[in-house]
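With chain A's structure known, arrange chain B with the ligand on it following the hints.
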Amino acid sequence: MILGVETSCDETAAALVTRGGEVLANVVSSQADLHARYGGVVPEVASRRHLELVVPVVREALAEANATLDDIETVAVTNGPGLIGALLVGLSAAKALAWARRLALVPVDHLHGHVASLYLEPEPVEPPFACLLASGGHTLLLDVRDHGGYRVLGTTLDDAAGEAFDKGARLLGLGYPGGAAIDRLAREGDAEAYTFPVARVPGLDFSFSGLKTALLYAVRDLPHGELERRRPDLAASYQRAIIRALVERVEAAASRLGAEQVAVVGGVAANSELRASLPAAALAPLPLCTDNAAMIASAARFVEAIPWPGYLAVDARASAA
Amino acid sequence: MDVLAFDTATSVVTAALVRDGQVLGERVSRPVSVLEDAHALLAGAGLVPAELDAVAVGIGPGSFTGIRLGIATARALALALDVPVAGVSTLRALAAGAPGSLPVIDAKRREVFVELDGEPHVLAPAGVPVEPGTVCVGDGAVRYRAVLEASGAEIPPDASELHVPRACFHALLARDYGAAERVEPLYVRIPDADRASA
Ligand SMILES: [Zn+2]
Numbered sequence: 001m002i003l004g005v006e007t008s009c010d011e012t013a014a015a016l017v018t019r020g021g022e023v024l025a026n027v028v029s030s031q032a033d034l035h036a037r038y039g040g041v042v043p044e045v046a047s048r049r050h051l052e053l054v055v056p057v058v059r060e061a062l063a064e065a066n067a068t069l070d071d072i073e074t075v076a077v078t079n080g081p082g083l084i085g086a087l088l089v090g091l092s093a094a095k096a097l098a099w100a101r102r103l104a105l106v107p108v109d110h111l112h113g114h115v116a117s118l119y120l121e122p123e124p125v126e127p128p129f130a131c132l133l134a135s136g137g138h139t140l141l142l143d144v145r146d147h148g149g150y151r152v153l154g155t156t157l158d159d160a161a162g163e164a165f166d167k168g169a170r171l172l173g174l175g176y177p178g179g180a181a182i183d184r185l186a187r188e189g190d191a192e193a194y195t196f197p198v199a200r201v202p203g204l205d206f207s208f209s210g211l212k213t214a215l216l217y218a219v220r221d222l223p224h225g226e227l228e229r230r231r232p233d234l235a236a237s238y239q240r241a242i243i244r245a246l247v248e249r250v251e252a253a254a255s256r257l258g259a260e261q262v263a264v265v266g267g268v269a270a271n272s273e274l275r276a277s278l279p280a281a282a283l284a285p286l287p288l289c290t291d292n293a294a295m296i297a298s299a300a301r302f303v304e305a306i307p308w309p310g311y312l313a314v315d316a317r318a319s320a321a
Numbered sequence: 001m002d003v004l005a006f007d008t009a010t011s012v013v014t015a016a017l018v019r020d021g022q023v024l025g026e027r028v029s030r031p032v033s034v035l036e037d038a039h040a041l042l043a044g045a046g047l048v049p050a051e052l053d054a055v056a057v058g059i060g061p062g063s064f065t066g067i068r069l070g071i072a073t074a075r076a077l078a079l080a081l082d083v084p085v086a087g088v089s090t091l092r093a094l095a096a097g098a099p100g101s102l103p104v105i106d107a108k109r110r111e112v113f114v115e116l117d118g119e120p121h122v123l124a125p126a127g128v129p130v131e132p133g134t135v136c137v138g139d140g141a142v143r144y145r146a147v148l149e150a151s152g153a154e155i156p157p158d159a160s161e162l163h164v165p166r167a168c169f170h171a172l173l174a175r176d177y178g179a180a181e182r183v184e185p186l187y188v189r190i191p192d193a194d195r196a197s198a
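These protein sequences, in sequence, are chains A and B.
At position 211 of the first sequence the residue is numbered 211 (our numbering), and the sequence of numbers has no breaks.
At position 33 of the second sequence the residue is numbered 33 (our numbering), and the sequence of numbers has no breaks.
Okay, chain A solo, but in the shape it has when bound (with noise of 0.2 angstroms):
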């Protein structure tokens, strides 16, 4: 079985995943509440948590699937994209435990772990297909042909759509992550009270930096003491702007590729209104679109392994490969 690790932003997780897609265990720390105070991701911090957890959640992967180590044959870790600080911890635990296994390691790149989070048992989802990845790092529409890979068709300019969630909410003085806490306000609002720009960027890129200035002007051009009652409306008109943006990008995309099939990745995923305006769309289970470990192993089942000890140097890197 696979051991995936994955500590790119602010999850600590880790998985077993066997040859065949079948998750044996999915651990997820998610330090959501350590950051919810800065009202947002802090590296450093990110970092020296993952440093305490990186070593438990591996240790209570394998109680889960009731294994040991013996039972590991290839260690998968995010090696990238990523904050620098949080990948290196999880990429230097990973590197020494395959190294004192001798087991093969294979370096996995996040955005096609969100993919393969749809290659997992029960219900996989076979290439080819047009793909939103959303999440509070990334928006990206990616054109995929197979299992072991994707090329990038659009990306966003400014601001990932779940940061724009996350901004937001902030404006709005609701909690941080901030997608969860919009989506559940909205259901009482009206989308239709206001009209927020989508940002009309030219081919399949994505823009949400106006968007949060048109709600920050109508937060503050609000009457004294009327935040209360227009909440519900601003974040449903809120939501339904960034949601409109994302599925006419990837129904743009998916006509352009001529894909029939269109799937959504990524923590975004779990957005009630996205799921109701792409009815037809392949979802990951909620669990496997938030970070997490089993879409890192899931990934390394389509990547060639570096033979022990080849991977000794293998450096983690920020950007997108």
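I should point out that these hints are in silico values taken from the structure, not numbers from a laboratory.
Be aware that a few hints might be false.
Stated by the list, open to error - If you anchor each label on the Cβ, the simulated ranges turn out as follows:
1. 151/A x 108/B: 33 to 41 angstroms
2. 43/B x 20/A: 30 to 38 angstroms
3. 258/A x 182/B: 56 to 64 angstroms
No experiment lies behind these values; they were computed from the predicted model shown.
Even glycine gets a Cβ: it sits at the ideal position worked out from N, Cα and C.
Frame of chain A, contents of chain B with the ligand only:
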């Protein structure tokens, strides 16, 4: 007892393989390749990782990322090999290599780490308490040579190995081998984000 020791807290990474207090091999390189050094040291001694008996790791102070790299490596080795780990202060390893000296580690932001009264501190270079004749070693001593020498300190030439926290000293200083999770980083500084609230 075969001990693998390493220190990744400063810009110079050191590794050593020590058998019953006798140094079998030593290497100096860069942070990301500490396991390459470990591998080469073991290969040189005809050992495989499973034959290691213990791990000694530098816990800083120094680069936060470097310290974590070392401790994550040590903790994972402990898990993989079921061996005990000892953490050793990088300042104390430097002091062991240059007895009687005052180790000074570069803390970036125009500050340095030094040990005073048994505790690590972060100070401005000009605030390091040196007396005429005090020998200062470490990358902080090299970087702030002019400031420290103006206070009367004596600093070995930049290329001197006295400035390097050689991992053989970690192995020789390590006493308290135990569960790896007890080996904590010596950050000294709190994260910036916590400063306002601290
Ligand atoms: Zn992600």
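Against the structure, the hints come out as follows:
1. The beta-carbon spacing between residue 151/A and residue 108/B, approximately 40 angstroms, falls within the hinted interval of 33 to 41 angstroms.
2. Remark: the range hint 30 to 38 angstroms for residue 43/B to residue 20/A is upheld by a beta-carbon distance near 36 angstroms.
3. Restraint check, residue 258/A to residue 182/B: a C-beta distance of roughly 58 angstroms satisfies the suggested window 56 to 64 angstroms.
Taken one by one, the earlier hints all hold for this structure without exception.
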